[in-house]
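2 protein chains.
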Amino acid sequence: MCLYEDNRVTLAAGTDISFTEDRAARFDAYGWHTIAVADGNDLGAIDAALCAARAETARPSLILVRTHIGYGSPNKHDSVEAHGSPLGVDEVHLTKQNLGWPTEPPFLIQEPALAHFRAAAERGARDEAAWNERMAAYAGAYPDLEDELAQRLPGELPPGWDTDTPEFAADAKGIATRVASGKVMNAVAPRVPARLGGSADLDPSTHTALKWLGDFNPVSGKDIDTQGSSGGDWDYTGRNLHFGVREHAMGAIVNGPAAHGGFVPYGATYLIFSDNMRPPIRLAELMGLHVVHVFTHDSIALGEDGPTHQPVEQLTALRAIPNLTVIRPADANETAVAWRVALEARDRSVVLVLSRQNLPTLDRSRYAPADGLRRGAYVLIDAPDAKPELILIASGSEVGLIVAAAERLQGQGIAVRCVSMPSWELFDALPQAERDAVLPPSVRARLAVEAGVAQGWRQYVGTVGEVMSVERFGASAPADVLLREYGFTVDSVCARDGANPRRLRPALTVPN
Amino acid sequence: MCLYEDNRVTLAAGTDISFTEDRAARFDAYGWHTIAVADGNDLGAIDAALCAARAETARPSLILVRTHIGYGSPNKHDSVEAHGSPLGVDEVHLTKQNLGWPTEPPFLIQEPALAHFRAAAERGARDEAAWNERMAAYAGAYPDLEDELAQRLPGELPPGWDTDTPEFAADAKGIATRVASGKVMNAVAPRVPARLGGSADLDPSTHTALKWLGDFNPVSGKDIDTQGSSGGDWDYTGRNLHFGVREHAMGAIVNGPAAHGGFVPYGATYLIFSDNMRPPIRLAELMGLHVVHVFTHDSIALGEDGPTHQPVEQLTALRAIPNLTVIRPADANETAVAWRVALEARDRSVVLVLSRQNLPTLDRSRYAPADGLRRGAYVLIDAPDAKPELILIASGSEVGLIVAAAERLQGQGIAVRCVSMPSWELFDALPQAERDAVLPPSVRARLAVEAGVAQGWRQYVGTVGEVMSVERFGASAPADVLLREYGFTVDSVCARDGANPRRLRPALTVPN
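Chains as they are written, first to last, in this note's numbering: chain A, 1 to 512; chain B, 1001 to 1512.
Hints in this document: simulated from the structure, not taken from any laboratory. Take these hints with a grain of salt, some might be off.
[Stated by the list, open to error] Below are the BS3-like pairs computed for lysine-lysine, each with C-alpha atoms no more than 27 Å apart in a straight line:
#: 1; chain 1: A; residue 1: K222; chain 2: A; residue 2: K211
#: 2; chain 1: B; residue 1: K1183; chain 2: B; residue 2: K1222
#: 3; chain 1: A; residue 1: K222; chain 2: A; residue 2: K183
#: 4; chain 1: A; residue 1: K76; chain 2: B; residue 2: K1222
#: 5; chain 1: B; residue 1: K1211; chain 2: B; residue 2: K1183
#: 6; chain 1: A; residue 1: K76; chain 2: B; residue 2: K1211
#: 7; chain 1: B; residue 1: K1222; chain 2: B; residue 2: K1211
#: 8; chain 1: A; residue 1: K222; chain 2: B; residue 2: K1076
#: 9; chain 1: A; residue 1: K183; chain 2: A; residue 2: K173
#: 10; chain 1: A; residue 1: K211; chain 2: B; residue 2: K1173
#: 11; chain 1: B; residue 1: K1222; chain 2: B; residue 2: K1173
All chains should be modelled from the sequences, with the hints used to inform the complete structure.
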């Protein structure tokens, strides 16, 4: 049920100059139940509308209430001046006189209103007591369910929730992190009933459907052969939400169960479309909500869809949002750890940034364990005696690239350390000594490689380090052609001045 | 006129699971003319609909054409598989057989189709010749107008266009840069007919109305007493557009005249709402369009509206978009120069980031001229003998703050240089030597002050420099209270380690 205050005045103008649609007809077309109240001061009519809306259980209701902004003000009634500015002392006085309201004291609460509000407090106390009684009875009758509720409401995960999280065997061909993410999600979901979510019409691409866990739907009866079905029932027990092509709405909708508690909701789309949902992502962080956003197709390497679909600045732009944790895992096993971090978070949301293309699954018997992701950045391959003269740093799909480059450079006698840096925020939260252990201040030769804009990387490469980045829009071509043309090859990495500790050049404007 | 291909299948599913609205009724409610074509293969029906749409001149037309995705494919007709993936060799073969189309050669253009396309080319050549003839006649009959057109189409400004741009006298109380911007816009607009634009329902706050230059409206007849009127006629000659509360649409709409040529359109809203229009801003940059975006209320200093309205990360997030030039002027005179830069730009858009609150109008007889803004960053106050031991850097509303701090620190015997840095992009485009002249590499003690997230500033302060920033969301309070609580005072600036060249501390993780 939604009350729409139809006062026909906005901040700048009357609505007649920019908003001529028939609002009720528009919501009728959406399938809503609409009710018009002609006079916003007619309490009887509003009451009747509220009752009619409550009686309608199959559709949401929109009650359009015609009101007048600045009602009763002799000079500001129905005017834009009443939108953004206070009426002012004089006009308030005139308005009170006009409405037959006592002009003194300035803040007057008359007795009937006071009694009404006080009664509401008493009614609330009674309702709360009754609720508590029902909860106690429920806990007595269903102790297991009460335990689950007590655990879920504050956001705790059930014991053994990650028992089935897969480990991925080393594999040079590897798999896309979006695919690995889908496997992890589906391994975890049966043990974590708090998971609920879906994509903005991209399940087959984002790999975010929770298979055989049902589709959330007001009416039972669709069958599992319906196109887009995730398997299982179509009813209110379904855990897959179908948002349609509506990223902004998805962002707003997933905030709901997170604010309610008892759920760790998620939404999914391509990274480029995160631009469409920055406002609700930001609101979640303002409120300290725990949502997981799955953003796939994370660089120019998505290929033929071209520059309109290729994120270049979105990763950086998400990192700029306060409170939000952004993670871009390098391979399937980092993706599994990223999901653990995402689910274990509490008063913040987590963004997972995943590849469309296959990424090698790193051989963890040769390199450091993927669990290092928890620290935001970790040493994947170290130089002999842990004494690097050069540090290569990358996130996500570029980690495989610096691993190959590091091995070639080591063959050339350069003491290289290779750092996987999936998350700035997790790294920045470490104590200084732990950060210095990964990126020792004494090592000035550094090269960061990331297929996005460089903004912010100077923080980690220092003044003589280099960033291999993408500072222009993408192009339409197969992924391997693009990566070659944009310089993301082992040859290019190794040829960089920044990859040669004997060829260091200070970035002049920056002090060194 | 808009053709809507209603195939009822999206990437992930049939539309029935997420898109149940009555599309025609929705557009009827918007006031559109809607026409349904039941069969997308019925060329006669489509032709009739197109003719009906052309005949309707008072309303836009939506033609809803029912089609079937993968039409004719025995196994993929009406299926999601036909949305995102090619049919494949075998299914293409089966589809051709099913449709009675020759299966060889693989790319077949039959003779009637070829003749039809060839005829279109001939018709196009005839139409172009006729057009050129009319243009020549027009140029002969109206040489002045033809001159204006020839100048406007490639984006040239008329001679003397900036004659009336105001200069602002030094004033400690000063004015808000949004107000200065409004004065500049109104001084320039009468001489630059290419200017056309408006705000997303915020004219009285963004100060972007072009007064007495009319309001763009399909029907004449509204009078200038209409709320929201900019003064002048309401018709197609009006240069003020009323977008309503629609930032994304505004961003898309202003791209239109920019793509057409002959206009330098602008849109305006609060900086926080730039998040709602990143997709069209980005598209403009992809296309190299020249649009000016005016974003006001640019920091926590907007005050009581609170954290939902206070931009913290938006400035940085805009700087991340390739090609875009972001300018945050420090006072009224920098605002005037910023508008010159914005109008003189060509294949890129410019964002002006402006304050709600008053900012002191700097005394340019004591400080460097505001024209330094063209270089992105310039020395406002220098240390004795141009030998600074400390550089203070700020943009926009924080420049007044570092000017006051610099004067106090100079009194304490510290050799301070004070740099106004309104635009990273303009600065980064300078030759290295010019950048080094403003920010000499030898001066490591630097403090940047900006009321937004620090991300990216490390590029300019180096590894031992400091950034005074806002790393969390805002709060609801009067501007002066917020600025004090968030540390934006002369005392705080002067007390920073970063403001004391004898107390330099390297940021440890960053190499130094």
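For each hint, the structure was consulted:
no.: 1; hint: A:K222 x A:K211; result: holds (16 Å)
no.: 2; hint: B:K1183 x B:K1222; result: holds (26 Å)
no.: 3; hint: A:K222 x A:K183; result: holds (26 Å)
no.: 4; hint: A:K76 x B:K1222; result: holds (21 Å)
no.: 5; hint: B:K1211 x B:K1183; result: holds (10 Å)
no.: 6; hint: A:K76 x B:K1211; result: holds (23 Å)
no.: 7; hint: B:K1222 x B:K1211; result: holds (16 Å)
no.: 8; hint: A:K222 x B:K1076; result: holds (21 Å)
no.: 9; hint: A:K183 x A:K173; result: holds (17 Å)
no.: 10; hint: A:K211 x B:K1173; result: violated (64 Å)
no.: 11; hint: B:K1222 x B:K1173; result: violated (39 Å)
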